[in-house]
Each structure stands twice: as structure tokens, then as C-alpha cells.
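Residue numbers (the numbering used here), protein chains in the order written: chain A, 1 to 369; chain B, 1 to 369; chain C, 1 to 329; chain D, 1 to 329.
Heads up, a few of these hints could be off.
Claimed, not checked - Pairwise CB distance ranges, derived in the manner of DEER restraints:
1) C:Asp226 / B:Lys56: 37 to 45 Å
2) C:Gln42 / A:Glu256: 47 to 55 Å
3) C:Glu46 / B:Thr312: 51 to 59 Å
4) C:Gln42 / B:Thr318: 42 to 50 Å
Source of the hints: derived by calculation from the structure; they are not laboratory data.
It should be emphasised that the depicted structure is a prediction, and the values quoted were computed from it without experimental measurement.
Virtual Cβ for every residue (Gly too), placed ideally from N, Cα, C.
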Amino acid sequence: MSKKKTINESNKPCLAELDHRACADAPVNKAMTKEQKLHLLRQMVRIRRFEERSQKSYVGGNIKGFLHLYIGQEAVAVGSISVLGENDHTITAYRDHGHALMSGMGMNECMAELYGKWTGCSKGKGGSMHYFAPDKRYWGGHGIVGGQTPLGAGIAFAVKYQGKKGCCLCYMGDGAVNQGPFHEILNMASLWDIPVIFIIENNFYSMGTSVTRSSAFPEVLAKRAEGYNMAWDVCNGHIVNEVRDCVEKAVKRAHEESKPTLLEIQTYRYRGHSVADPDDTYRTKEEIEKFRTSRDPITLYLKLLLEDNVITQAEYETMDQAAKDEAEASVQFAEQSPYPPEESILQDVYWEEDNRNEKTTSQGVIFFE
Amino acid sequence: MSKKKTINESNKPCLAELDHRACADAPVNKAMTKEQKLHLLRQMVRIRRFEERSQKSYVGGNIKGFLHLYIGQEAVAVGSISVLGENDHTITAYRDHGHALMSGMGMNECMAELYGKWTGCSKGKGGSMHYFAPDKRYWGGHGIVGGQTPLGAGIAFAVKYQGKKGCCLCYMGDGAVNQGPFHEILNMASLWDIPVIFIIENNFYSMGTSVTRSSAFPEVLAKRAEGYNMAWDVCNGHIVNEVRDCVEKAVKRAHEESKPTLLEIQTYRYRGHSVADPDDTYRTKEEIEKFRTSRDPITLYLKLLLEDNVITQAEYETMDQAAKDEAEASVQFAEQSPYPPEESILQDVYWEEDNRNEKTTSQGVIFFE
Amino acid sequence: MPVITYREALRLGMSEEMRRDPNVIILGEEVGQFKGSYKVTQGMLEEFGPKRIIDTPISEAGFIGLAIGAAQMGMRPICELMFWSFSYVAFDQIVNNAANIRYMSGGLINIPLVIRGPANGGTGVGATHSHTPENLLANAPGLKVVCPSCASDAKGLIKTAIRDNDPVYIMENTLLYGEKEEVSSDDYTIPLGKAAIRREGKDLTIIAHGMSVKQSLLTADILAKDHGIETEVVDLRSIRPLDVDTIVKSAIKTGRVVIVEENKPFCGVGAQISHMINDLAFGWLDAPVKRVSAIDSPAIYSGPLESIQLPKPDRILKTCLQVCPSKKK
Amino acid sequence: MPVITYREALRLGMSEEMRRDPNVIILGEEVGQFKGSYKVTQGMLEEFGPKRIIDTPISEAGFIGLAIGAAQMGMRPICELMFWSFSYVAFDQIVNNAANIRYMSGGLINIPLVIRGPANGGTGVGATHSHTPENLLANAPGLKVVCPSCASDAKGLIKTAIRDNDPVYIMENTLLYGEKEEVSSDDYTIPLGKAAIRREGKDLTIIAHGMSVKQSLLTADILAKDHGIETEVVDLRSIRPLDVDTIVKSAIKTGRVVIVEENKPFCGVGAQISHMINDLAFGWLDAPVKRVSAIDSPAIYSGPLESIQLPKPDRILKTCLQVCPSKKK
Ligand SMILES: Cc1ncc(C[n+]2csc(CCOP(=O)(O)OP(=O)(O)O)c2C)c(N)n1
Ligand SMILES: Cc1ncc(C[n+]2csc(CCOP(=O)(O)OP(=O)(O)O)c2C)c(N)n1
Ligand SMILES: [Mg+2]
Ligand SMILES: [Mg+2]
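In isolation and in its complexed conformation, chain A is listed as follows:
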């Protein structure tokens, strides 16, 4: 596999100079219309504003459990999902707000879910880690590290079985690569030519553990693919165009050869592991600040679009304000929505119970006291 020059092989968060124009001229990017380019920028901005707003609500005590923010990583979900077609699917881990919004889910249902409301995308039953939208070919939102990786291969398996030219993007963190099931499914995906694309979002930390403290590997994590005869690639996740170029090649491989790929997309999260993480034991404030100022995916893409006259600063500000307003409105929506009714606790457990009819062949007691 080719490795691009911007890639960091030291496997420490790396601040080498970045070219915001990288891959701008790659065919997949050149072919974009102005509206498509604006769409990418808008989605990154929407994700960021949604999450910033959700953080505010969390700190205010309105959201329970965990809230894992994607801020800093937006170009990964946005770039990768933007190259998908109608038979392509996505599935990810618990840091899932970006993938959900980019897949077309609405801020209202997503914010209401965080609030545990009946109008949430999962009726308030799933929470931050468990957004789903099968109608948008978005399969969640999974809390067990690595647990979604066999599912992603299964989705791609079904696409292929059903004779469609499609694939599944299956995301995971750098910490997830050491879960056994991921290894098992890498082998099967390669052995059976499953059109799945595993994307390691390498943000260099799993909670407080740096990638070099959790993984033994050659230059880059993705190279483990060679042990399975699987194609692999690495790219820079701060630059949305670079993500698109890299993922699009893997999607082609999936569509045309029905072959899997292991991608590593190097990125960085600005916030703690979750909002509750004090974030003071494993990296410096300076490190975060440097990433934020020198390689922010939104800043870099905006710079490109400004240079190329795709957008003006004023238009950007309008876009940004719209995203903030949308996020604010979603909070209103969530706050005004009701909690799930008590009887819903026992709904959505079994399809057969939720859809009892004359064909139902299940009897007896299924819920116990």
C-alpha cells in the first residue's frame, strides 16, 4: 500500500507541518460541485456545534451516563461517509455523534436521545453511545470496544450475499485493535472477500493510554493487515479531502473486487475521553492547543474553500450561526419532549412481542418478575 508523506509514523501525536491543499486535486475531490464542498464543511460545523451544545447540557446535568465527544475528528466521519453510495453502510463505536449526523440523522432526535426522551432516535433507550438509523444505513453506535467489528463485516457480508455492489465502513478506535473479535473478523473478512472497510480512527489515545503503551506494531497500526493478506492504507484525518481520497479507493476495492481494506486515519480528539474525563494525566494542555490551532479539520478545510472562492467568510459565519441555532433548537426540542412512558420499559425487547399477531408462534411467559 502507498503511504502518504503527511503520515506520522512515530505514533506520537505529531505536529509536523500539514498541507491543507493535500489531495484537493485528487479526482474524487476535483469532481465535487460547489454545493458538495459546502456540504462537507457544513456537516463538520454541524457536528461540532451539536457536540459543543451537548457538552453544555451535560455539564448542566441534563444528560446522563457517558458523553464521548468527536470534536477534532469531524473530517474522518464526514470525509469517509461522503464518498458512500446507496448500497453502502456504516457502523461505529460509542463516539458516534459525528457518524450519525453525517449519515443524515437529525439534531433533534439525537439531542433528545441524550436527554433520554421519548422523541430520541432510540426513544431514550440507547443514549449517546447508541444512535441508530437503519433507514440511513447507519447501524450504530456500540458500547463494547471492538464488539461492532464482526457486525460491520456481517453487514457487508449481507450486502454481498444479496448481490449488491456495496460495502460497510466499520469504524473503531486505536484502542479497539487489541480486542480479540477484531482479529477474528479481519481473518474472516480477508478469507471470504467481504467488502468491509475497517477504519481505525487513530487519535493516539484510548482513554488515558497512548497508542504506543497499548499496542505493539510496526510503523503503523494498519500494517497489521498484512498478517491477513489484507490491503491497507493510512491517511491524515485532519484534511477532509485526504480522507475522501483514501476511503474512496477502499470503497472501489470493495465494490469492484469485493475485497476488504484496513484503513488507519490519524486524527486527534480535543476533549477528554468522555466529558467526565479530567484529561490531566496523559497529555499536555499544550499538545491539545497545538492541534487545535494548527490542524483543525474545519479550519483547514475552510481555508481551502476560502482560497478557492467556494465560500466567503461572511457565508461561513452564516453557516456556523445556522449550525449553532440548529443545535440550540434541538435542545429546546429535547427539553420540551416527554420522557418515555413507563410501559415502554418492556417494549422493544422482542420483535415478536411488539408485533403480536395471529402468526406469532410464541406463547407462555417471556418477561419475568
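Guided by the hints, dock chains B, C and D with the ligands onto chain A, whose structure is given.
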């Protein structure tokens, strides 16, 4: 890592010409005394005769459950364990008779175990798959594919923690490499410099599945080690000297650098997966026959020792007869031994129950009805 | 009706459903070319081809997770476990992903998955290969668990399981695979959650599932012959859903109940049933509900000892006579 | 006696044992440099160094298996699970290897292993992070399971667990970590299998463990105040071994029993206890034994609903009054 010429990279059982003198002049082999050489031969013969005899008892209905025979693979256990020192340990899967006998366990206790007798090494509680002899630094005998691999690393971890220069040989089959926990422990072994040597006994089939139908991998399975920055090597398991040479280097790496190694030792089993396996769906009788005639580990080593005047044919026959007699005697021993008493069912569950004394701090009911 | 084995009945049920529905596939170790470790899938590779009868690596978490992903997409995978003991390496997929995704998605997703394989002791395969995890799995809301005790149930239940839109786990028994009985060639199904009264009686109720049904019936014969006790034997068939109605009715009718199972006692299926009977038939019982479970240690290898460890007529009889004294003597 | 938190009590217990015995080590995700996900191990890296406080990759099956191997060699590893929910990815190691190796070796080996971490709902972490597997684990002979409900027990039980020569699994609770009480600085241990009567009473017995003890005590206050009912609250502390004696004595004394637990009902710990009480106190009970468990669905995220799902005084009270009618009114 160096790969030797005799190694088969096609990953089909391969019948290319073998040199029975391979590695005979390697320092570790040259250094052997005559008695040491005879010891290797004798152990291989003992394992074979023990197993042939156990098969007879199994077919006769005297042994229950599974009986996985090692016949054909003897040079692997014998060669590898022969290079170990007093701080080195072994652990393996369910095809464990060879490793047990080579570790110094007696035929009597092993045969009695197969018969489910009270005099068995595990008091009749473990059976064929579960031989143990901690006093001989032999840690079993494990039935869940791949399940012993983290244990092997744990044993080596303890050796290192306790400040000893030792290692653990941890064996598994070619089918076991696709179990998740093995992957997890490869990463940890490399990350933490654990002196464990994983030995894949590649006999080219896991039950009825050939290695190429179960694994996607580069030229050889062991090369997956590169994904973990781990040293690896491959050798031919039909030639005991080659096994010794290869394993001894890994043991040195463990002792001197406290580094793990992944070894693949290519071998072949003559019998079905277990004695009950009809063995008629995945390989030909001819294939088995060719292995038996052209690369039998005992025949090859005997040839060498005859050539080198270490043994005469007559002496060999005496050795062989002694092994047969020993196996036969072990059957007598097993048959004459009693079954475990009924009350033993609830013994050996908890150490604290088996050793109740004034210091025991466990009360209440621990066994239920 | 043709007389076929339990093994053949399972195969027939699966084959009928595979002919009906192209979304049904089978995944497992040695299910294809090797014809199945216990020959349940023998001949199916020939009929359905390698696209639908899929030999997997020894990667239970991987291939079951894959099946869950495929099931979300409308496929109906049947996963074979060589033994249910091996479910433990895939436990997270089996109890977490399969049971929870529907709920966590607020009902957007359903998972029509079947996992099947033997779960039993009695053949000397030792502690690591003899688990009976029906209690552990039925503990999880979102899952269904059935344990067919005979060939005709095996066919009827596996067909229902395949058509069911939720995960259904089927626990079979290597010692039952060869058992024969008349099995209809019709396209019949048996509802989940419907117990079967295998023998009617008025003095004592034995509740059992899987192989324990057979042991209980043998015991009932002895109880009748030697002790004049008429035993009702209830075959649960399904653990979750559970036919509480039939159980409680029988308990009230006889006032005396023994539960027989291969489960280990602590939090075994029998504990749950005992609790429910004591609750719902409170005041109707003439004796405490007793259980005959596996003796509470890991499965022992030694044949004669394993035979004691598992519930067999001698131990069952003893407990039955405690609960219901002999009428002769 | 100093007043410290449950979290500090656990840390103190472990630190004391680590000072006593160089073979005790801690392995887990984020236990060292990050100071513990729930800060239980805070400061221990500084005291004991990275050789003994070991940050692991996210490989539960791997590091727990490693700990089992090391334990066989005489080490005494303590594995921290960030949540017991994650035990499911290591289930084979946890229930098969840890529980069975001693038996399968005929007693040649023993495994002095501790696994600990929180197992509870109530904080909105959802279905995949809220498991309470005490019933699943205590099912396996060879294992021991304890659930400390307060700081002083946490210290005493973890010290016993570390010294125990068999695998002991400790289930804690993220909602208890911050709870404070007086905890002795002495080198004390609490035997496994010894329940504690947290409140004496003659009318009704509540049996509970972990967080449910607290909820039960709150309910007992209401029962006394509003209904004139004197409730005895038994804190199991240890699930296996189980203090059957104390349980049955209290049941016989009051004749009325409610079991409270966060376990899902089907084959939960409560089922086992209910069965034993009904068996051993048969004829002594004035009402059927009832359970208050988690409502039988996967853990729901939504805060107000999760609060209903888990056993809290309102649901407990209702069931208690069913079992023991109010004496006022
Ligand atoms: C099996 C399992 N073990 C542990 C956890 C707890 N946990 C949640 S996220 C996380 C870190 C994952 O890091 P990484 O994969 O790099 O993803 P990132 O958070 O950086 O997106 C851990 C340990 C879990 N959810 N599942
Ligand atoms: C987790 C698990 N899955 C399945 C099995 C059943 N099984 C026992 S041995 C075996 C084949 C293993 O083959 P290999 O690793 O090549 O070892 P070999 O038998 O060739 O020595 C299988 C599938 C098992 N014991 N454990
Ligand atoms: Mg990360
Ligand atoms: Mg093999």
C-alpha cells in the same frame, strides 16, 4: 527472521524431499551426548507406543470422550522440550500426551487418566485433554482452542516477575491462531517483553479444515508476528534436530533478552482429529501414507542415529519393545486401578475447601443442591 | 410417518426452511465439507452449496458477530456451535449484541438469529466441553432459549426458531442425536413457550427439559411400578418463553414437585421454576419443591462418576420419594 | 476510626495486602497512569511502581488469562474490570479456565485470582455497561463471588479475597464508591459467606446485596414509620459461599421474605435464594417469597425510566406490603 529451505510455503501438506541430517551439526545438536540423543529417540518411541496402545483401548471401549493422538508430530514436543532448563515451562492444548510424557510424566498415571481412574494424573477428573504436572513445570492440557495462550504468557510473566531466567513454551494448533485471545496475548507479550514462545504446531488441518480454508495469511502463519513487532521463525517438525535448533534460538531470546517469539513448526498428524474422526472428507489416504513413509520423525531420526553409529538396529528394537512393554504395563495398571470414590466429585473444586484449617476464612454454603 | 433420528429431524427442519427462504444460511465449524462434527448438517453442502453452508475458522466471537450483523440486514443465519461450551468465547456477542441491540435502537432493529448445538454432559468430554448454559442465556431479556427433548420437537422447534424474528438459541444433546421416533414430513411448527405433558399423573410432578425428560420418564416408570406413584412429567421444551401455566397447573394438581435438570444448581433453571411455583402455587404444595441437578462441581471426566454427577433415575428416584413417599411398602 | 469512602476502603485493603505480599499485583485498563477509571487505584502506581500496577491494552480475555497463568505460578493478581459488563468478552477465561483448572488437574493447581470492578446500573450508561453478572458467575462451582455494600465491608472482603487461594470475584458499584463510613485501619478481614444483619426486625425479612441493601434499608424505615412493620434486613455480602443459615433463620423468624436485587429476574440470585428458603423453611412461611429485581428488559438509558427499572423504595415497598400487610390503617 531466517527461513530454512526445507520449509513449505505453499501451505499445503508438502512432500518435497527432506534431509534427515538437517541441523545435525547445529551447535545445540552437536553438543549432545550419546545418551541425550538416545533419549530423544526413546521419548518419541514411547509417545508413539503409548498412543497406539491408548487407541486400542479407546476402540475397545475402555476410554471415554475424546482421544486426540499426536502420532506423527512427536518430534515437535520432544525436540522443543529437550532444550528447556529448570526455569522453563510448557503448556499446550488438548493434543497433549506427547508434551506430557516428554515433560517426564509417567505412562501409568497418563493411561490411568484415560481410563478415568483414581490413580490418573488428574485423579480421573480431567481425561485425555487435561494432563497436568506442575512439579514438572508442565501446565496442561487445555480443551478450549486458543484458551491456553494467555495462560502461557502468564506463566512466563510470573517467571520474569520472580526474577528468574526462564520462559514458557506455549503450543497451539494451526486452527487456534484465529481465536481472539491469542491475538490479544501476542500484542501483550510483545508490548511487555514477556519471555513466552508460542509454537504453532501446523499440521495443516484443524479437524477437517485445511489451513488455507481457515486462515488468510502471508507465506506462513508465523509471519503474523510482524504485526506485533515480534520475532518469528518457521521450521520443519519432522526432524527433531531442526526443531531443537529453532526452539533453542527462541529460548535464548527469551532468556537473554526477555523477548517473545512466534514459532511455526510444520508437522503432520497420521490419525484423525480424534480417534472418533472418520477422516474421510478432507485428505486422501495417499497423502497420509506418503507422510508416514517419507517423513516420519522417528524413522528419520533413527536413520541418522544408525548412520552415526549412535544406535544399532538391534538396540533400537530393544528400545521399541521396552516402550511397547511399558505401554502395555500402563494398561494393566490402569485396568487394575479403582475409579475415584463418589465423594471425590466434590473435592478439588476449591483449594480452601480441600485445605480447611483454622485460617480458613470461608464460611457458609459453597456447594449447592 | 417416517421414523427418523433427532439429528435428521434437525436437518429436515433446517432444510425445509432453507428451501422456503433464501435468506437462511448456516455458519459454523466443520458444517460443510466435514459434514458436521455431529453430522447434523450432513448433505446440506451438496444441496445448498458453499454460499449458504459456510465452514468457518475457529472464531466463534467473529462468526457469530458476523451473523448478528447479517441478521440485522434481513438474513436469517443459523450458527452451529460444536458445543455450547464454546459460546463462552463469544459470550459478549451472544448475550450483549444479540440481546440488546433491538432495545438500544428503540426497536428499529431486530435480529432473527438462531444459534444451535449440543449442551450436555454424559460422554466424558470433561469440564470444558459439558456446559449447559440455558440458565445463563435465558437470564438475558431479548433472548429465547429452547431445549428439544425428542426428534419431533427438534424439527418443530427449529422451524419456529428460524421463522422467529428474535434470537433463538437451541440446546441439543449429543446423546439424543441418534434417538429415533416418528416425525411428520409436514411443514409443522411448535410454538415457543408451550410445554408438553409427556406423562399424566396425579401424585407428583416432575419438570424437566432436554435429556432430563428421558431420565424423568424412566424414573416415573419405576415410581409407578415399585411405589404406586402416578407421576406427571412436564417437558418444558422452551426455557424462555416459559409455559408457566402448565407448570403451575400441574403443581397445584399434584401438590408435589421435583425439578430435574443437568444445570448446575446455583441459579439454575430449576431455581427460577421453583421460585415461581412456590409463589404461584403457595398453599397448594404438600412438600417443598426439590431439585435434582448436576452435582455441584465442574463436569468430571471419569465415566462412572460422571454418571453419578448427572441426574439419573437413581438420584431422581430418591428425591421423588422424599417429596412423595412410596404408596407401597 | 477514620471515615473514608468505599473507594478508599478498597484501595486501603489492596495496598495493605500489597505491602504484605510481593506477589500481589494489579492489572487493568487505566489503573496506573490514569489513576483508575473510577480512581480506586489512585496513587498506587506511585507507591508500588509499574511492575506491580500494570496498565493493560483493552484485551480483557488476554490480561485475565495472563493473570490466571501467573496465579498458577504463585502470584496473586488482582484484575480490575472497568465494568463487570466487560467480563463477557473474557467469559471463557473467567468461568472456564479460572473455575475448572483446579478440578481438571485433580487438585494439583489452584488459582488465587481476584477480579474486581463495578457491576451496577443507575448512572445512565445503558444496556451494554450495566450488567450484574453475580448470578452467572456464582453458577460455576470453583468460583466465589462477593458484593460488598459498604466501605468497611469493601476493605474486609477484598483483603480476604486476596488471601483466598481460589478465584474470588468482587462486584462493586459506581454509586457506592463515594459513600463514606468509619473504616478501621486495623488489619481486619471479613470471612466470605457470612451475611450481616443490617437491621433487626420480627415482621418481615428483606434479603439484599450490594446497592440493594441501601434501598432496602430506606424501605425498612418507611415500613416502620408508615406501616408499623419491623423489617429485618439481611445483607448477603457474599453470594458464593452463601450464608444460608442466617437467611433461613431470619425467614423462619419472620415468616415473610422479600428478596431485593439488581439482577434480572430469570435465574437471578433471588431465584436461588427463594428456592432455598422455600425448601428449608417450608411450612414456616406466612406468605410466598417475593422478589424485587430489575424490570426484565435490557438496562434502559433514560434516567427517570432507569430509576423505575431498578429496585427502589417505591417498588420494594409495594412488594413488601403484599407480603406483609400494613399494621396501620
Ligand atoms: C470490552 C471493553 N473494554 C473496555 C471498555 C471501556 N472503554 C470504553 S472506551 C475505551 C477506550 C477506547 O479507546 P479507542 O478505541 O482508542 O477509542 P477512542 O475513545 O479514542 O475513540 C475503553 C477502555 C469497553 N467499552 N469495552
Ligand atoms: C473455542 C473452541 N472452539 C471449537 C473447539 C472444537 N475443536 C476442538 S479441536 C478443534 C480443531 C483445532 O485444530 P488445530 O488448532 O489445528 O489443532 P490440531 O487438532 O490440529 O492439533 C476444534 C474446532 C474448541 N475446543 N474450542
Ligand atoms: Mg483512541
Ligand atoms: Mg492442526
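Now the hints, each set against the structure:
With their beta carbons about 41 Å apart, Asp226 (chain C) and Lys56 (chain B) fall inside the hinted range of 37 to 45 Å. At about 37 Å, the CB distance of Gln42 (chain C) to Glu256 (chain A) disagrees with the hint of 47 to 55 Å. Separated by about 55 Å at the C-beta atoms, Glu46 (chain C) and Thr312 (chain B) satisfy the suggested range of 51 to 59 Å. Hint check: Gln42 (chain C) to Thr318 (chain B), Cβ distance near 48 Å, so the stated range 42 to 50 Å holds.
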